[in-house]
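K.L.:
Chains E and V, in that order, give the protein sequences.
Counting in this note's numbering, the first sequence runs from 1 upward without gaps.
Counting in this note's numbering, the second sequence runs from 1 upward without gaps.
The set of hints was computed from the structure by calculation and includes no laboratory data.
Ideal Cβ positions, reconstructed from N, Cα and C, are used throughout, including at glycine.
Heads up, a few of these hints could be off.
As the list claims (entries may be wrong) - Which chain V residues face chain E? A few, computed with CB under 8 Å, are given here:
id: 1; residue: N31
id: 2; residue: D56
id: 3; residue: P97
id: 4; residue: S135
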Amino acid sequence: MMSYVYDLMKTPFVLALIKIVILLVVAFTVIAYITLVERRLLGFFQSRLGPNRVGPLGLIQPIADGVKLFIKEDTVPIHSNSLLFRIAPIFTFFPSLVGFGVLTFALPWITPASKMHLFALADVDLGVLLVLSLSSLGIFGLMLGGYASGSKYPYFGGLRACSQMLSYEVPLTLSIITVVMMANSFRLSDIVTAQQTHRLYFFIPLIISFVIYLICMIAETNRTPFDLPEGESEIIGFHTEYSGMRFGFYYVGEYTNVVFLSMLAPALFLGGYDIPFVNDIALWQVYPQLISILGFCSYAIKSVLFAYFYIWVRATFPRYRYDQLLKIGWLVLLPISLVNLFIVAGIKLFLLK
Amino acid sequence: MGRIKDINGSGYPEWIGLTKLDIILDYCRRNSLWPMTFGLACCAIEMICAMCSRFDLSRFGSEVMRPSPRQSDVMIIAGTVTLKMAPMVRRLYDEMPYPKWVIAMGNCAVHGGPFDDYAVLQGAGRILPVDIYISGCPPRPEALLYALMKLQEKIRNPKVVNEPHFIGPDYSKPTKGWMAKGEEIPEVVEEYLKQGRGVDSSQILE
Numbered sequence: 001m002m003s004y005v006y007d008l009m010k011t012p013f014v015l016a017l018i019k020i021v022i023l024l025v026v027a028f029t030v031i032a033y034i035t036l037v038e039r040r041l042l043g044f045f046q047s048r049l050g051p052n053r054v055g056p057l058g059l060i061q062p063i064a065d066g067v068k069l070f071i072k073e074d075t076v077p078i079h080s081n082s083l084l085f086r087i088a089p090i091f092t093f094f095p096s097l098v099g100f101g102v103l104t105f106a107l108p109w110i111t112p113a114s115k116m117h118l119f120a121l122a123d124v125d126l127g128v129l130l131v132l133s134l135s136s137l138g139i140f141g142l143m144l145g146g147y148a149s150g151s152k153y154p155y156f157g158g159l160r161a162c163s164q165m166l167s168y169e170v171p172l173t174l175s176i177i178t179v180v181m182m183a184n185s186f187r188l189s190d191i192v193t194a195q196q197t198h199r200l201y202f203f204i205p206l207i208i209s210f211v212i213y214l215i216c217m218i219a220e221t222n223r224t225p226f227d228l229p230e231g232e233s234e235i236i237g238f239h240t241e242y243s244g245m246r247f248g249f250y251y252v253g254e255y256t257n258v259v260f261l262s263m264l265a266p267a268l269f270l271g272g273y274d275i276p277f278v279n280d281i282a283l284w285q286v287y288p289q290l291i292s293i294l295g296f297c298s299y300a301i302k303s304v305l306f307a308y309f310y311i312w313v314r315a316t317f318p319r320y321r322y323d324q325l326l327k328i329g330w331l332v333l334l335p336i337s338l339v340n341l342f343i344v345a346g347i348k349l350f351l352l353k
Numbered sequence: 001m002g003r004i005k006d007i008n009g010s011g012y013p014e015w016i017g018l019t020k021l022d023i024i025l026d027y028c029r030r031n032s033l034w035p036m037t038f039g040l041a042c043c044a045i046e047m048i049c050a051m052c053s054r055f056d057l058s059r060f061g062s063e064v065m066r067p068s069p070r071q072s073d074v075m076i077i078a079g080t081v082t083l084k085m086a087p088m089v090r091r092l093y094d095e096m097p098y099p100k101w102v103i104a105m106g107n108c109a110v111h112g113g114p115f116d117d118y119a120v121l122q123g124a125g126r127i128l129p130v131d132i133y134i135s136g137c138p139p140r141p142e143a144l145l146y147a148l149m150k151l152q153e154k155i156r157n158p159k160v161v162n163e164p165h166f167i168g169p170d171y172s173k174p175t176k177g178w179m180a181k182g183e184e185i186p187e188v189v190e191e192y193l194k195q196g197r198g199v200d201s202s203q204i205l206e
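Full structure from sequences and hints, please.
P.N.:
Right, dumping it as structure tokens:
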């Protein structure tokens, strides 16, 4: 019986299922606890303490919030389009969750039986394109949620969200395309390998793309200073009519996006699972498992840096006005990223043959 | 969290802790009270102070001020409820999903405070079920923190409502002003309560 189970575990399908379960558990834990980390860090930035009463160091706070949202009454407004209203939160939440499947977290793991296991669910050829298309799918949740609420203020909030995310996706894509050109591949693990072989992280030659990416990833996830779609305190956002877990899905979806984009950024610009100042691939051939684990840790630390950056920016900057936001998107970031694209393409064509 | 050992006498091992689901759910409810951003007058300043660094309401996990009644759990009526505002207060309360609680903060929200006149509702308790009353003009932020802790105690153990310090003002006593003439609940508010919707604010001044 046990040997049968063991054989079954070695089939690719079951192996993929196990990977999915591990990935989901880790991802959900990280997403839940980044809310706590954000609240505690915001507290420290404002010389407060932040949530510290619920469990040791406030560690049960995210669970308490989640359970409370689940058991809260779920209201559906009478004027709403009830089907769309019910399914809209799923559109924000799941596309960003799918994105985790494309990421490669470390160099391949080599078992004692010298079999290779990728540290990724699906290292697809067009990983970057898949990620970009999924992030544009996330707009639907905001738009549909605002539209289906049956109230004019959430409707305006949805329109704001839509135009903001569309206008910031263009510079985001253009800045990622420069990375793709440097690496000659759309596959995320190839991009990391290119940085490893050049012994140069892409944020040094592509510093303009890197800065544009940093700005656009904040705007893309609707975080302060670009949180106009939400606009809690003065302009009313798209999820005003949502209560209970449907609101929770928007809330979690935002943090899923934050975690996902801060895990994508190191892969594109900071060398991903590369350990700095060390020739990874040479060492990996000698100590494969050690380097895989250390590479994973290095990737985690780099992602934490980006997540910290999100919170830091949120604690520092006030919100932009809406016309300023669109002006930054179309009149500043788009021309800069276009010129940057041409410059990088020219360098790639004529200098780095 | 509470623990009930040997719930049906079947002799579970010691290390299995049994509890009621309600206890866990109440634990989560009371530790994640999201207040509604609802400042009406000067008490709101004290409410803001309670959120800031010296007092820090966020330690209890309730710094998440939700601007929408749909997502909030506790309504802190911080300030004077005028007759013009009263239907809106009631409407926002009705829009909050269950379970929901109300804290009346300050003398004005408790019984009208110094404003015993034609324009002020003599206590938010006349139009909504208030859970916790905080006296003071305005109350200190510590008082709001204490009220929040008392509300948590109330969610954990509803029996505490019978304790003396949970008894609110006696609305049956006549006040000095026009409300003494038998008009306990103003007509406009009463009309709203019947119809279940807001009223034209021009009616209120008549």
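K.L.:
Hints first: check each against the structure and report whether it holds.
P.N.:
Okay, the hints, checked on the actual structure:
{"no.": "1", "hint": "N31", "verdict": "holds (4 Å)"}
{"no.": "2", "hint": "D56", "verdict": "holds (4 Å)"}
{"no.": "3", "hint": "P97", "verdict": "holds (4 Å)"}
{"no.": "4", "hint": "S135", "verdict": "violated (25 Å)"}
Hint violations for this structure: number 4 only, all remaining hints satisfied.
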